[in-house]
Amino acid sequence: MTIDLRFDEPIVYPPDPDIPEELVAIVHTTRDEIVTWIAAAVGSLAATWLVYERLTPLSGGFGFLVFWWALFNVLTWYLARVQWGAVRAHDQVVRVWITSAAAIALIPLIAVIVSIATKGYHALSWRFLTRDMSSTSSSAPISQGGIGHAILGTLEIVGLATVISVPLGVITAVYLNEVGGRMARPVRMLTDAMSAVPSIVCGLFIYATLIQPGYVHLSGWAGALALSILMLPTVTRTTEVVLRLVPGGLREASFALGATDWRTTRSVVLPTARSGLVTSAILGVARVIGETAPLLLTIFGAFTFAGNPFGDRQEALPHFIYGQYQQSQGPGTPADLRMWSAALVLLFLVLFVFVTARFPTSRGYVFAGTATALFCLWRFESTSAAIGAPITLTLIAVSAMAVALAKRARRRSHSSKGVLV
Amino acid sequence: MTLVSDAASHAAPTNDAISRASTLTAQGVSAWFGSHKVLERVSLDMLANQVTALIGPSGCGKSTFLRILNRMHELVPSARLAGNIALDGQDIYRSAAPVTEIRRRIGMVFQKPNPFPAMSVAENVVSGLKLCGMKVERSHKDELVETCLQKAGLWNEVKNRLDANGGALSGGQQQRLCIARSLAVRPDVLLMDEPCSALDPTSTHRIEETIAELRDDVTIVIVTHNMQQAQRVSHYCAFFLAAENEPGRIVEAGTTDKIFSEPDDPRTLDYVRGRFG
Amino acid sequence: MSIDGGGLLLQAPAHYKFDDDVPMVVVTQRTAADELYRAGARAAGAITLGLMGLIGFFLLYRSREAFSSAGWRFFTEQRWSPPNAFGIAALLVGTIVIAVVALVVAFPIAAGTALYITEYAPLRVRRPLTSLVDLLAAIPSLIYGIWGAAVLSGRVANVSRFFADHFSWVRLPALQLSFWHWYRPFQTVSNAGFTASSMLAGIVVALMVLPICTAIMREVFSQAPQGERESALALGGTRWGVIRDVVLPFGKGGMIGGAMLGLGRALGETIAVAIIISPKFDIHSLLQPLQTGGNSIAAHIALRWPEQSAGGVPTSSLMAAGLVLFVMTLAVNMVASLVVARSRSGSATEI
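Protein chains in written order, with our numbering: chain A, 6 to 426; chain B, 1458 to 1734; chain C, 108 to 458.
Treat the hints as calculated values from the structure; they're not laboratory data.
Bear in mind the structure is a predicted one, so any value in this text is a computation, not a measurement.
Glycine is no exception: its CB is placed at the ideal position from the N, C-alpha and C atoms.
Just so you know, not all the hints are guaranteed correct.
Said to hold, decoys possible - Far from chain A, by Cβ distances over 10 Å, these chain C residues were calculated:
no., residue
1, Glu226
2, Gly360
3, Ser385
To be verified - Some chain C residues near chain A, calculated using beta-carbon distances under 8 Å:
no., residue
4, Ala151
5, Ile154
6, Met159
7, Ile162
8, Tyr251
9, Val258
10, Gly261
11, Arg262
12, Val266
13, Phe269
14, Ala271
15, Trp347
16, Ile363
17, Ala405
What the hints assert, rightly or not - Okay, the calculated bits of chain C under chain A, using three or more residues with CB under 8 Å as the criterion:
no., stretch
18, 136 to 143
19, 387 to 400
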């Protein structure tokens, strides 16, 4: 028997169905690398302890961390170099740097949220949210008075600003993206520039044009006008991005059916971009809801509930917080406690708006609704269960409705996908 | 007859008042994008109730020519053109008729199906009425939806889900939905820009059937790269060709039988036999 | 219906003249409603243009009283006691010092975060991480301000004191306590000289600048051509090699532009700075950011407004300060937008 070895022809192995297919596991970080990091971390920790605590008279947690981190870098580089050479050693060190930078970026976010929550939590109560400061001095204990008037003022002022700038911003974006013309380039450029106008300058502008000549008094209305200037570029730009995502084929189809420009925009472009438009409005709200500087120049502040933004003196949440900061006599005093609690409420509002804009899915609403409801139940059960229970139920109902609406909007429109905010 | 017609006169297309087709004439049509000339003095008659196929290799100006026919060409900022295009003898570029009315009378179906995603199937069909500002009664509307979907050969497939999103249909169904949408505004001419190039053979077959049924109602101009399709659906054929760095021209036009069996020009024969292009 | 009708099919009929093969003027006739719609949209665009013009005009108009009172000394005077002597010089220096500190802190972190998101992060982590960094921008500056004053202040003062104690021998005005010290550790015992400083204000402003810089850089980095990335990897390059040879050269313009957009924001930040700093008006000491005290135009306006809003030269002087701030941020942002726009293809700025 002769063995026929023909190397000039490819050898084809017939597939064997009995051998199960096996997925190849792609390893991004090898075991060697992990071991190296652990070794570097432990080694540098020991060395840091030795140097920092024993050999030099240095102290302090922050310095310890910095020293440890620096040593960790050196050790990682050395270990990598010994094992794999200089090129990969550089790679390892840069990887440590970049990962550290990303971690550092998130530390303040967590720190701010945690410290506002822990400081503001104690004084928060149902009464605090619903009463005003009309018969309470700033040094009166926290159990008296509240921020209901400031919440009402903020909602009204931001609502008015939204009513002004969302239609204007959407129409401007329609001009930029649908109508166009010679003016489009400068408008786009100035919208960019406008988004960088310092907020205090917006306040100065409203003061200079409307308040100083006496057309408008210091009021919620003036504050709303200042905020709407801040909001306008945000709404315009995000809307423009959303409109750009509407496929051009839809416009052509509409024109080919004999539609006018106006009908194309109203019946095809805007409905297709619907959920994106909601997002851009919410982002506009998020931009201005915490703004303080323009309000310092345009609203007067107040101690009582005031419902009419055009006539009454109104208070706004950021303005209130700044006022309490100025009156604060030190940590733990009533004004200080009020400041932190009001800041927590403001932070909660901002987070809610942000989550709504970012995750317009049913899950986000369920999460926010349930969290709010649970918090209310838990927090307010002792003080006023009679009020708390119906409100909780309402919140759950509202979030359920929001779920339904969000689902509907999502089914109807697929333009919000990939909208960068 | 005039191009400008009272909006009320075509208010409610119904079964018994089926649109009569018109002849579309192009004479000496040239087109430019910026200073680049893409089409050179094209003249072609597209006869009423006939299907005219425009064939030729890519980049020879077929689609540009088609878009000139219902004034979609001018939507491109740098686009210019010369020549005469007349619908039943009325020049569509120089008459006083609003451009929207011209586009309503000369409908268009695009290469890629593009139903409006924010509307249901039924809403898509009647979307043209809304977009043209035509008022139709509700009962008429339902009737119109059914008529148009039937003409487009889609009624049996979607009659139970008229409220579904237009994007939920398959590619072939979407394209037929777009045809139905175009029919709802009662066009005289229907331009089709490679309507089957994004579809599978079965869907293509359904659309070809639809075209065959429609030619009693409208004049059809279709751009296609598929020789067999041109042979199957069209009565007349125009062969476009662009030499290197030159604008596209019509090499030859005539009945489909003649173009495919014994064309005058050897280049046409080469193309229809698949020898180049 | 007969298919036979070939004679009707025209091609270049004899009676038709083709001499006029020149583009025609196409008039797009529009309905009245359409014209109204286009006019309305155009008007909305004009409002944006007009608003920016009006802001500049009215600030200039309201500040003419201050300018005529102070003249050119407005730009050289350090003190601020209107209506007698007031000027923007110290405020301008203080603003720039805070902005520079903010940028020095924010830039490396932003670049690292952007690179981590585009190059290192697993796909699952990318979107949440981006959202979290954007959330940093959503938190109101007021909240950063009170947090910085209450929580961060002590820690930054510790670090500032450490730097001042151990590195004051470095001949750098930014670090030294006085003009010349030789190395003398443990010189100071208390943090009192290092609170409410430009350093602290700069770090807090950095938190607000960080998300903007990160967003711009992330976008530019992610546009680095995939083909070049892959070819660098296919040559056996490490990830750092890809970043160094492909991503960073491609994203250079975006990094500079992003940093400048951040600078624009840092210059205009108001309330956080107003809460943190204790104002001072001496250029020499403003140049030492570790020490107590600092200033910025925006914060100055907010702090002085209650006592100077009664009208006359005092109010006008604050309007003049606002005008300087407006012009400065506008200039920085215009340049930044140009740089960013040049560094990427087509798509508009998204912050």
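Here is how each hint holds up against the structure:
1. Glu226: 7 Å, violated
2. Gly360: Check passes; 16 Å lies beyond 10 Å.
3. Ser385: 13 Å, holds
4. Ala151: 4 Å, holds
5. Ile154: At 6 Å from the nearest chain A Cβ, Ile154 (chain C) passes the 8 Å test, so the hint holds.
6. Met159: 5 Å, holds
7. Ile162: With a minimum Cβ separation of about 5 Å from chain A (threshold 8 Å), the hint on Ile162 (chain C) holds.
8. Tyr251: Hint holds; Tyr251 (chain C) Cβ to chain A Cβ min 7 Å, cut 8 Å.
9. Val258: 5 Å, holds
10. Gly261: 11 Å, violated
11. Arg262: 7 Å, holds
12. Val266: Nearest chain A Cβ about 6 Å off; hint holds.
13. Phe269: 7 Å, holds
14. Ala271: 14 Å, violated
15. Trp347: 4 Å, holds
16. Ile363: 16 Å, violated
17. Ala405: Holds: closest Cβ of chain A sits about 5 Å from Ala405 (chain C), inside 8 Å.
18. 136 to 143: holds (count 5)
19. 387 to 400: violated (count 0)
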